[in-house]
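K.L.:
Here are the chains, one letter per residue:
2 protein chains.
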Amino acid sequence: MRDRIGAIRSMMRSRGWDAVILTGNDPHASEYSAPRWRQVAWVSGYTGEGDLVITEDHAGLWTDTRYFIQAGRQLEGTGIELHKTRVQDQVLIPEWLSSHFAGYDEVVVAVDGLGMSALSVNEIRDAVGRDRTAIANVPDLLSPLWTDRPEIPRTPIITLGTETVGWSRHQKIVWLRKWLSDKGFDAILISALDEIAWLLNARGSDVAYNPVVISYLLVTLDTVQWFVRKGPLAEDDHETGDSFYELTADGVNIQDYSDIGMALAEMVDDDYIKRLFVDSSTLNHNLYRLLKENTPQDNVVAGKSPVALRKAVKNEVEIAGMREAHLEDGIAMERFLYWLETMVAAGEPLNEYECSAKLHEFRSEIEGFRGESFETISAYGPSAALPHYVTPEDGSSELYSNGLYLCDSGGQYLFGTTDITRTVPLGPCSQLEKEDYTLVLKGHIALSKVVFPKGTAGCQLDALARAPLWNSKRNFGHGTGHGVGFYLNVHEGPQDIRQSFNKQALLPGMVTSIEPGIYREGRHGIRHENLVLCVEAGENDFGRWLRFEPLTLCHFDTSIIVKDLLDDSEIKWLNEYNGRVFRTLSPRLPSDLSSWLRTKTLPI
Amino acid sequence: MRDRIGAIRSMMRSRGWDAVILTGNDPHASEYSAPRWRQVAWVSGYTGEGDLVITEDHAGLWTDTRYFIQAGRQLEGTGIELHKTRVQDQVLIPEWLSSHFAGYDEVVVAVDGLGMSALSVNEIRDAVGRDRTAIANVPDLLSPLWTDRPEIPRTPIITLGTETVGWSRHQKIVWLRKWLSDKGFDAILISALDEIAWLLNARGSDVAYNPVVISYLLVTLDTVQWFVRKGPLAEDDHETGDSFYELTADGVNIQDYSDIGMALAEMVDDDYIKRLFVDSSTLNHNLYRLLKENTPQDNVVAGKSPVALRKAVKNEVEIAGMREAHLEDGIAMERFLYWLETMVAAGEPLNEYECSAKLHEFRSEIEGFRGESFETISAYGPSAALPHYVTPEDGSSELYSNGLYLCDSGGQYLFGTTDITRTVPLGPCSQLEKEDYTLVLKGHIALSKVVFPKGTAGCQLDALARAPLWNSKRNFGHGTGHGVGFYLNVHEGPQDIRQSFNKQALLPGMVTSIEPGIYREGRHGIRHENLVLCVEAGENDFGRWLRFEPLTLCHFDTSIIVKDLLDDSEIKWLNEYNGRVFRTLSPRLPSDLSSWLRTKTLPI
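Residue numbers (this note's numbering), protein chains in the order written: chain A, 1057 to 1660; chain B, 1057 to 1660.
Honestly, I wouldn't trust all of these hints.
One copy or any two copies: either way a pair holds, since identical chains are not told apart in the list.
[To be verified] Computed cross-link-like contacts, DSS-like style, restricted to lysine-lysine with a CA-CA straight-line distance of at most 25 Å:
no., residue 1, residue 2
1, 1360, 1234
2, 1510, 1529
3, 1510, 1140
4, 1656, 1330
Rather than coming from a laboratory, the hints here were simulated on the basis of the structure.
Keep in mind it's a predicted model, so treat the numbers as computed, not measured.
Let the hints inform the model, and build the full structure from the sequences given.
P.N.:
Printed below as a string of structure tokens:
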């Protein structure tokens, strides 16, 4: 690792750079990057999220609370210093650069503009000072050193029909073009991969867990151009060939991924595009600069892509698919929990990784299963106290017949996406575990059963899931809920349920998680997570009302609930939910599992 | 009224104006204006809040939900059209002007820049189009027509000592100058009247209910200049003379109110002020323009005044005063409620106005009482369904021995400010009244007893007061809580508790109201309001905790509570609160009242 940093410093000296910023982001601001773009990991050996800054006399990694332990371990001996974010008195990269170069008349900061958004580069320039900062934009900055750098992924593409997604790609493009005309634009450049997948009704597996295709999409008032890694594909890759054929027949013009810059420049030069809309939160700095440098003032307008909101509001066909996915997923989960309880009761040796493998096995038996929607968190005891624990294949903890086991997992299905966390007792639990378990459930229920006025945003509801914990001075450090895609990213916007001041109202058709938790370092971690659908709840003198309907179908364990901590309405909700899980799943379960689930879901 | 609009239109024609915008605001963006600035009322006869736009062929009044009924009544026959705001599909003044003048190459909009903030004028220019909009800034625009226009008020001024306010004006100025130096400013112009009153430890009664002095304050690194209506005062006005003497002795340079513009221009010209800070949300357009036109780019910096936040966090002396004020005010309230119950039981004829007069009488007996902190809302039955009901002196409703009576009132005392709403049954109530009463109380208690993490903003707590109502599809259309000054404005920022996305965290020492309600047109209105102090609640592994401590001392009536709707912890809170009210007040009450209060506060 020290050699790699040394090589970067040589490059810096020869090019006259004062600092290099490296990220692990792909050119599309995706949550997960393909190996090609994991630059931070290549340089530092650290595999979590975070950004790296290298100067002549300092190498630092910036990452947040979730990764402090992992980063501390993986950076040991590298000479790279850990800079903590999301803590009080944090010093973020822009401010750090500003004070580090306080005395300098000129500062040259090199960035790989493919891995940074236009917004974040701007912040650096503003903080260090516009007058004295030169940004050297060097796409694929590491490529000269990283000789065995992986290629851009190119996986098979599949397309989804309207029987699955409801809206044809034609309908979606017509809708988008209307938006363009209404707003006075003549083109939109889409770089967010899930937005492209949604618009084209196409899926791939270029990125782990997210069924997307690395590409750009340019939609004008009369053309649709998809810049995608077509190139030669394996002989047996029929799917892809068919998909391209289908897309082409629908008027999608397939172009090569690497041609996006040139194509844009040409179209702008020819005055074919006069007013182009881009989303500056997902467009990378490299393309944004290219556009800004080649177009007159105001011809490129940056804003929030309309696709994100449209995609978040699921249509009837998607909702039906999501219900089906949750039914199948619920069966897999119940099979898993039954198996787990049986194994533990039998005293069979078992570790966290074997559990996640078993759950994968159950999900794999479902027709249409395409893989996990994120890396399964299978965590026993103290492991669960890390909200973003990664279960190691080697050396994961053994399970014992006491305390709590937490499993946060989800599946991608051709007809939907799931995300569920259950925390279950494996035997005797402490009073603190029982109380924590009950209070987190109390928060989960409070939000699950609330009725709220149309127009309410998630951050205006967040406190309902927290107050039961707050009132005994407990809390959790992550958001309460995130949007979930339809056979797409398990984390999507624009809505969320968290303390941020996100003004996006929750709308009927949106799918969101509800996942309060509690984490006690060295002891235990608890999280209760369902996905819920936002639905209409009638209208009266006070206006229109919405509520959440659970999509997730898997019982909550009632054996360690401290009943005194729940009020009657909460107990009623819990009994009804568990009852519905049993009624819905039992016809599909073998009799031993069905009997077991009946006892598990008896009213308390 | 039609004559007045006609006269304005003549003026418009002779001056070449296409539109005139009139407000009822004073030059300091105060909540209440002195009669001199009630331009909308003079032109239209309408006495509520709202703005007037007059063009050649249209006269319109823009106001919100609170005033629709009143505006509808008062505008009848004037030819002025009501434009509703805070409704779906609202068209605000800037957008309305934009579409009204859609075909025009040039639009001249005349404004009285004294009655509009720099921000609001900017919005109009942006909406109508910067290229074609000319703003004619005409201070005192109506004066040529409004021949008997009232003078700028000039009431006696008093000063408060450190034994009352904790911080001397010297300490406050030193603190403000440190802020100026830290931020690189050499002067701050303060136009918000409550900020001036706080900084100078001075009070007046130039504006109804708000104990402030119409003035501007300019603080530089070595001078304090107060631009105030000094002029000749009544012979017996010793207080004022003394106050000016004391202020002058403390280094406050007294200047005439009308000289502010000239003085600023001179100081800027002389380079005495190079970087001036102003608060663009309270500074009027007239002064802002004057400053901008006379200073080089960037020499006038607009932002949020630091005084508002500093003022909102009460010190120990102010807190002690607020407690004392609430003790005295609580006694007045209990005397009033006892009197009311006795009168109603005796079948004495009684109307809403007589009730508010009686409450005034009780408060007047308190030493240090300076008047109401806002206009008392004394409302029986359907009157209370209007959250901002104004109790008329003539023709207010009679009270009967059934249903609910609501009283929202507050006092200004030399040692604090109060604001309290109690809703009490005067006899038999309907089941709906009882349920509404209980659910509003449930919301009040949920917020009153919550413990929350340091850093939490009011909008992140608001839902706690609403969820008990939401869950049975009830709601209220106003905020849940507002900041309250110390012997100052009953509404102050920067914190609040409402659905807005105000990021200001609640801090220990802040005083805020908690006042959920419910309003059913033609039937009844309910509101339960206490003032609460934000206090520390300890620290643990999860961080630092805050909570609210009620300042208000007046029992909540328990006779119509539907006990099943409250859980044990809510009943416990209520019993403890009522018990504390009795224990605290009873030593100060006559025996008949004390006995009565004992029965009123018995645990349920």
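K.L.:
Enumerate the violated hints, using their earlier numbering and listing them in ascending order.
P.N.:
Violated: hint 4 alone.
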